[in-house]
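Protein chains in written order, with this note's numbering: chain A, 4 to 227; chain B, 154 to 449.
Please note that a few of the clues may not be correct.
Pair by pair, the computed Cβ-Cβ distance ranges are [to be verified]:
| # | chain 1 | residue 1 | chain 2 | residue 2 | range |
| --- | --- | --- | --- | --- | --- |
| 1 | B | Ala305 | A | Ser140 | 38 to 48 Å |
| 2 | A | Arg97 | B | Val299 | 51 to 61 Å |
| 3 | B | Ala305 | A | Arg211 | 51 to 61 Å |
| 4 | B | Pro365 | A | Pro57 | 46 to 56 Å |
| 5 | A | Ile158 | B | Glu386 | 45 to 55 Å |
| 6 | A | Gly159 | B | Tyr353 | 12 to 22 Å |
| 7 | A | Leu216 | B | Leu395 | 40 to 50 Å |
| 8 | A | Ser170 | B | Pro350 | 12 to 22 Å |
| 9 | B | Tyr314 | A | Thr50 | 47 to 57 Å |
Listed below are several chain B residues computed to face chain A (Cβ distance under 8 Å; list not exhaustive) [what the hints assert, rightly or not]:
| # | residue |
| --- | --- |
| 10 | Thr204 |
| 11 | Gln208 |
| 12 | Lys286 |
| 13 | Ile289 |
| 14 | Ala290 |
| 15 | Ile347 |
| 16 | Leu348 |
| 17 | Pro351 |
| 18 | Glu352 |
| 19 | Glu356 |
| 20 | His357 |
| 21 | Ala358 |
In case anyone wonders, no lab produced these hints; they're calculated from the structure.
Beta carbons are placed, not taken as given, at the ideal position from N, Cα and C, and that holds for glycine.
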Amino acid sequence: MEEIRGCGFSSESFYFLEEMLWLSPIRGRVFRVGILPITQTLWGKITSVRVKQPGEEVAANRALCLIESRRFLGNIRAPFDLRIERLNTEAVERPWILQRGFGEAAWLYEVAALRDDCLTKLKRWSEVRDEVERMISEKGIVCFREVPDYVHAAIGIDCSQLLMVLSDRLEGLPEGSIIHIVADYNEGAERDLEKWSRITGNEVLDFRVEKKLAHALIRRKTKS
Amino acid sequence: MRFKYLDNTDLIRWHMSEKQELPVLVSTDWVAKNLDRPNVRIVEVDYDPQTAYFQGHVRGAVLWDWKKDINDPIERNIISKEGFELLCSRSGISNDTHVVLYGDFNNWFAAFAFWVARLYGHDKLSIMDGGRKKWIAEERELVKEVPNPAPASYKVTKVRYEYRILLPDVRARLGSPTVALVDVRSPDEYTGKILAPPEYPTEHAQRGGHIPGAVNIPWAKALNEDGTFKPVEELRKLYQDLGVTPDKEVVTYCRIGERSSVTWFVLKELLKYPKVRNYDGSWSEWGNVVGTPIEK
Chain A
4 MEEIRGCGFS SESFYFLEEM LWLSPIRGRV FRVGILPITQ TLWGKITSVR
54 VKQPGEEVAA NRALCLIESR RFLGNIRAPF DLRIERLNTE AVERPWILQR
104 GFGEAAWLYE VAALRDDCLT KLKRWSEVRD EVERMISEKG IVCFREVPDY
154 VHAAIGIDCS QLLMVLSDRL EGLPEGSIIH IVADYNEGAE RDLEKWSRIT
204 GNEVLDFRVE KKLAHALIRR KTKS
Chain B
154 MRFKYLDNTD LIRWHMSEKQ ELPVLVSTDW VAKNLDRPNV RIVEVDYDPQ
204 TAYFQGHVRG AVLWDWKKDI NDPIERNIIS KEGFELLCSR SGISNDTHVV
254 LYGDFNNWFA AFAFWVARLY GHDKLSIMDG GRKKWIAEER ELVKEVPNPA
304 PASYKVTKVR YEYRILLPDV RARLGSPTVA LVDVRSPDEY TGKILAPPEY
354 PTEHAQRGGH IPGAVNIPWA KALNEDGTFK PVEELRKLYQ DLGVTPDKEV
404 VTYCRIGERS SVTWFVLKEL LKYPKVRNYD GSWSEWGNVV GTPIEK
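Chain A with its partners taken away, still in its complex shape (with noise of 0.2 Å):
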């Protein structure tokens, strides 16, 4: 497994970029297939995803899945011919945990492969990871565990005014959302932030700083 800005990658699978598929083999020509958790950043939480049932066969190029985020609608496509052989219902119900880091990441489907050469639409980590690392770098991705439900962007406002912001946004969402804020980083933001979170309640699920702007995954809290 290797890690980049939180976004994981298994030396182990195989990758289909255009389609953002990652196809972990499982046996023979069968494969687990599941979404890449940079999609986070680049799509935003999915929100729905419309599946083909088991037994169905798909052939290359076309819908393997219609998906749908806060900013993207499409088809994901087959990588090549294939017949779908199970399909994992949690992920139809709570589609975003196909976004999560890919540790734990959920699979959508179990596929066989109906010939030989499925392999050679394919490429390994190995050939994938330059083209990802730049992804990652020119898109500003970060990817974390939980996927955030909002994206605010708190970049130029001063550091004094950042919390009383933060405050004024998470009044406005319901009740355990989850809220990924960008901002400029200054030294002993991560501390102010512990601070306001054991004020507020509001939980701090995870603070990264990325070339000179932190990132802070953010928790409304619940009235009890």
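Got chain A sorted already, so can you dock chain B onto it with the hints?
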């Protein structure tokens, strides 16, 4: 009865205005088969073209960006008459062109563009039922090539001001038994529990609630799960059961006037109510203006 589009004569009568040859609703199937039909211009109307149109669109479709193209570039207002003429002209649309609109976000902005185009007197207009979402779900062709239509010459010859209503006129109608106000937002916005959906933090109003006397019929109630409109009989019942009847002057509103365009389309174009006006100032105006009465 399900919509059968062009092969159902009853429905064609329902959906056709007197001055156009095509119904106001066309199916994705019809669009796929008529892409090259002369004198038809397909337009994708997006809230976010980067994640929609530029990722792939119906072949030959031109883009109307809701923010840049349908709205005035400076003040908060719909595009001016001259602006609409320029937009159509550069999109290769003349007064005689049949325009088919579709877009992202369940056709909200396509419906807004439909309303604006009707306001500026364009008769030959349709919406592609189900919009971008249905087109994609059906795995239909998407292309990235941006067409470059030959400019046309468009002239607005009439403006239907009666399709729009501004704040003072809404206010003047409060309490009138002959007026039905339809708030198409979510129940939480209607009751004032939230000021705007959490994904639109910049569209908060100072106050929450609804215009006194308004009934809450969320826009999505008019749609099937696949984004297509429900059958006419079902739609009629939905609105009439809550007192929104064709004998009244109906005012639709939401937060910024786009979701209410969908309901305006249903009432005016599908159900043929005679007097339907979209209050595009909507809650982002009403909930911010000093002294407007609010019900919770």
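Structure-based check of each hint:
1. B:Ala305 x A:Ser140: 38 to 48 Å: 45 Å, holds
2. A:Arg97 x B:Val299: 51 to 61 Å: 38 Å, violated
3. B:Ala305 x A:Arg211: 51 to 61 Å: At roughly 53 Å between Cβ atoms, A:Arg211 and B:Ala305 fall inside 51 to 61 Å, so the hint holds.
4. B:Pro365 x A:Pro57: 46 to 56 Å: Holds, since B:Pro365 and A:Pro57 (Cβ atoms, about 54 Å apart) stay within the stated range.
5. A:Ile158 x B:Glu386: 45 to 55 Å: For B:Glu386 against A:Ile158, whose Cβ atoms are near 52 Å apart, the range 45 to 55 Å holds.
6. A:Gly159 x B:Tyr353: 12 to 22 Å: 21 Å, holds
7. A:Leu216 x B:Leu395: 40 to 50 Å: 49 Å, holds
8. A:Ser170 x B:Pro350: 12 to 22 Å: 19 Å, holds
9. B:Tyr314 x A:Thr50: 47 to 57 Å: 39 Å, violated
10. Thr204: Result: holds, 5 Å to nearest chain A Cβ.
11. Gln208: It holds, given that the least Cβ distance between B:Gln208 and chain A is near 7 Å, below 8 Å.
12. Lys286: 6 Å, holds
13. Ile289: This interface hint holds because 6 Å falls under the 8 Å limit.
14. Ala290: This interface hint holds because 5 Å falls under the 8 Å limit.
15. Ile347: Result: holds, 7 Å to nearest chain A Cβ.
16. Leu348: 7 Å, holds
17. Pro351: At 5 Å from the nearest chain A Cβ, B:Pro351 passes the 8 Å test, so the hint holds.
18. Glu352: 6 Å, holds
19. Glu356: This interface hint is violated because 10 Å lies over the 8 Å limit.
20. His357: 7 Å, holds
21. Ala358: 11 Å, violated
In this structure, the earlier hints numbered 2, 9, 19, 21 are contradicted, and the remaining ones agree with it.
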